[in-house]
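Protein chains: 2
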Amino acid sequence: MPLLVMKFGGTSVADLDRIANAAKKVQREVERGYDVIVIVSAMAGRTNELVGWVEGTSRLYDAREYDAVVASGENVTAGLMALRLQEMGIPARSWQGWQVPINTTDQHGSARFVSIPRHNIDQKFAEGMRVAVVAGFQGIAPDGRITTLGRGGSDTTAVAFAAAFGAERCDTYTDVDGVYTTDPRISAKARKLDRIAFEEMLELASLGAKVLQTRSVELAMRFKVPLRVLSSFDETDETSGTLVCDEDQIMEAKVVTGIAYSRDEAKITLITVEDRPGISAAIFEPLAAAGVNVDMIVQNISEKNYEDHPGAVTDMTFSVPVAQVEHARRAMEAARAEGKIAYDELSVDTEVAKVSVVGIGMRSHAGVAARMFRALADENINIKVISTSEIKISVLIDRKYMELAVQALHDAFELEKA
Amino acid sequence: MPLLVMKFGGTSVADLDRIANAAKKVQREVERGYDVIVIVSAMAGRTNELVGWVEGTSRLYDAREYDAVVASGENVTAGLMALRLQEMGIPARSWQGWQVPINTTDQHGSARFVSIPRHNIDQKFAEGMRVAVVAGFQGIAPDGRITTLGRGGSDTTAVAFAAAFGAERCDTYTDVDGVYTTDPRISAKARKLDRIAFEEMLELASLGAKVLQTRSVELAMRFKVPLRVLSSFDETDETSGTLVCDEDQIMEAKVVTGIAYSRDEAKITLITVEDRPGISAAIFEPLAAAGVNVDMIVQNISEKNYEDHPGAVTDMTFSVPVAQVEHARRAMEAARAEGKIAYDELSVDTEVAKVSVVGIGMRSHAGVAARMFRALADENINIKVISTSEIKISVLIDRKYMELAVQALHDAFELEKA
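Here the protein sequences line up with chains A and B, keeping their order.
Per my numbering, the first sequence starts with residue 1, numbered consecutively.
Per my numbering, the second sequence starts with residue 1001, numbered consecutively.
Source of the hints: derived by calculation from the structure; they are not laboratory data.
Given the structure is predicted, the values throughout are model-derived calculations rather than measurements.
Some clues are possibly wrong.
Which chain A residues stay away from chain B? Per the calculated CB distances, all over 10 Å, these [stated by the list, open to error]:
id: 1; residue: Gly56
id: 2; residue: Thr57
id: 3; residue: Ala78
id: 4; residue: Asp183
id: 5; residue: Asp194
id: 6; residue: Arg222
id: 7; residue: Thr239
id: 8; residue: Glu285
id: 9; residue: Ala323
id: 10; residue: Glu379
id: 11; residue: Ser389
id: 12; residue: Met402
Reference listing, derived: stretches of chain A covered by chain B, where coverage requires no fewer than 3 residues with Cβ under 8 Å from a Cβ of chain B [claimed, not checked]:
id: 13; stretch: 45-55
id: 14; stretch: 87-99
id: 15; stretch: 267-278
Simulated DEER-style distance windows between Cβ atoms [unchecked claim]:
id: 16; chain 1: B; residue 1: Leu1016; chain 2: A; residue 2: Gly33; range: 33 to 39 Å
id: 17; chain 1: B; residue 1: Glu1390; chain 2: A; residue 2: Asp143; range: 50 to 56 Å
id: 18; chain 1: B; residue 1: Asp1106; chain 2: A; residue 2: Gly144; range: 44 to 50 Å
id: 19; chain 1: A; residue 1: Asp17; chain 2: B; residue 2: Val1114; range: 38 to 44 Å
id: 20; chain 1: B; residue 1: Val1114; chain 2: A; residue 2: Gly56; range: 51 to 57 Å
id: 21; chain 1: B; residue 1: Asn1382; chain 2: A; residue 2: Gly56; range: 53 to 59 Å
Even glycine gets a Cβ: it sits at the ideal position worked out from N, Cα and C.
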């Protein structure tokens, strides 16, 4: 029988009514002839409650105990969903991570998949089970202890099951009805996309359009699992939502697919860095060791200081989340104190935001950058840093212009048109 | 190292403060040189919440899914307790039922222990772990699915571990500070017992003194595990609480140890039953099949009706919980309609209570019954049914006299004196 993976997030299973509603969506697919693997998150709020208890008990907690406690939230939902489906006359049972087993590494709190043997679940399908309800977000380490995959791990679980079981598609039910050209709260002209390429989704996800967890999109791209994002609160059918799929399944790609943004960015510049081979590694190794999440990196010759420094010097600029500025500053100052790097001054701008245009079409079309910069210039928005990749162009600008920039770019690339 | 089992009930781990308080009691035993196995219940209220969700999802639920959902409550507490102990510098880890593994039968919702292999936990003790925190109330069935032991199963888990690991003692921390000669809410003269024999505790537990679950006392008696009941809210030391132990560890047993009661009883009498071999079986088989919990059974010749019935006739009286009266009535009427039994009338008295005197000393002392009946007669309390066992005498009386009867008997046997 063809197989479908359906994933329900925390808000979609927040209480018994919503679980019943989700179960109806599963029923529809069973009636259409699919065997279904359902991946469930914990009921909304439960994971935070459990994490709160762990943190209230122990500040530097044992990640193995954290995992044992926190994974229980998904187990509850899995059992309730199986019961609900049984109540509707559908042969279903729940599976906890260790029962499948979902084998992972032993990196507790952020484990990675090792293998998902199909044998146990396949056997039950062969015996007439129509739905396997699997607790998301968790697995079992080689030593038999419970692991969790980190936040958003249920998305990743869903894609991993779709890959392991050769599912026709992985449907992710959430509280939005699809992926939009930009955030509808910022631009009223935002349009829901019918299809988007994996790579575009990856850029949009990591840039702040928090519909799908980045790791799950990466995994889907690697195993070519078509991924559909749709709402658990609307009536949905086989054309609802947005399909995240391989580039060649999209007939006429637009040059630009969407505008993403990230509000709470900070720009850090090391002024007049002594420029020598290995200087970049000397700067970014201590940042990585301090757990600082560096995003954009730009290096340019510091003309202003060139005259004062007869040796080769440069300025090094990078962006980090605002919350990590102090971590970054301390890491840099420590590295300078230890003589590993040399710079004149560390300047911080915590009032910036990042805006990006994303689209696989820009690979083959010149002029996207020009059109982007023109649109921003027409609004008198000053660009502070530019960074480009194959399918996106990002700029840092003053945070107060962020909404204006998103709207201007949405208009400039005519994204309201299908 | 000597080993102790410590069990904490739901009110003793109801929140993070109480878990911390319980952890201090564990710490004290570790510092005294014990390795400790801690058995924990779910945080108070959690199990009811989970059961409510299951029942709200499915009325005739799959007991395997019920178990998977409900067992999660204990898993949370086990992890939090292990974290708390680690925070105090004590090497500890949590174990879920399937990790030990606690092998049980597959009677989901009321599973029985099959085996508790020591290997995994012993190995961790050998590696320096001082405390194994085990989720109570649960186990794993032969097919790998999660089982629960039924209400009060955490007490039973504690005793089973004490037996399996040869523990010196099993300390059960609860919200009372020991076992009393009777309910202190009924008699102000109730006195806490230092020691009580297993058999006496068994009679008291099953008669309504709900401190320890009956099955756990049976198990302790069978494996001769000394069981101590004490309060998790008081300062306690090695003499606190009540020790439930083998008869021969009690130096001078009193004739009567305690007065038990059970408030919501009903008396059912089948009047003028045709008396023939097998009639008792014909009456009680349908009651058992209907799940009716029959307690006392008394049969006596029905003199009143003897003249009207030339054949042998009898009256049959038995007691059931008030809540099961209608089930019992329907079972009897159905059996009569099917011609399996014959009787003239079924009379029900739902206004009775049971009062019992319990004591191993009464085995060797005559006159306990006489003294009991005299004490009740002096208060003008009419006895409706009498039933005796080796170490207890129970009577059914009008419910309105129950408190008076308990107080009178407590006085008559001078239980206020140590």
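Consistency of beta-carbon spacing, Gly144 (chain A) to Asp1106 (chain B), with hint 44 to 50 Å: violated, 22 Å
Once the closest CB in chain B is found, is it more than 10 Å from Ala323 (chain A)? Answer for Ala323 (chain A): holds, closest chain B Cβ roughly 26 Å.
Please verify that the nearest CB of chain B lies beyond 10 Å from Thr57 (chain A)'s CB. violated, 5 Å
Assertion that Gly56 (chain A) lies farther than 10 Å from chain B (Cβ): Per Cβ check, Gly56 (chain A) is inside 10 Å of chain B; nearest 5 Å; violated.
Checking C-beta pairs, does the stretch 45-55 of chain A have three or more residues closer than 8 Å to chain B? Our answer is that it holds, as 3 residues pass the Cβ test (under 8 Å) against chain B, meeting three.
Hey, is Glu285 (chain A) genuinely clear of chain B, shortest beta carbon separation above 10 Å? Glu285 (chain A) is indeed farther than 10 Å from all Cβ atoms of chain B, at 32 Å.
Please check whether Leu1016 (chain B) and Gly33 (chain A) have a Cβ separation lying inside 33 to 39 Å. violated, 49 Å
Classify the label on Glu379 (chain A) as holds or violated, using whether its beta-carbon is more than 10 Å from each beta-carbon of chain B. Fine: 52 Å to the nearest Cβ keeps Glu379 (chain A) off the interface.
Confirm or reject the coverage of the stretch 267-278 of chain A by chain B under the rule of 3 or more residues with a beta carbon closer than 8 Å to the chain's beta carbons. violated (count 0)
Assuming the hint says 38 to 44 Å, is it satisfied by the Cβ distance from Asp17 (chain A) to Val1114 (chain B) or not? Since the Cβ atoms of Asp17 (chain A) and Val1114 (chain B) sit about 39 Å apart, the hinted range of 38 to 44 Å holds.
Exclusion check [Asp194 (chain A) not at the chain B interface, CB over 10 Å]: holds, 35 Å
Closest CB of chain B to the CB of Met402 (chain A) still more than 10 Å away: The claim stands: Met402 (chain A) keeps its Cβ more than 10 Å from every Cβ of chain B (closest is about 41 Å).
Checked against the numbered hints listed earlier, the structure breaks hints 1, 2, 3, 15, 16, 18, 20; every other hint is satisfied.
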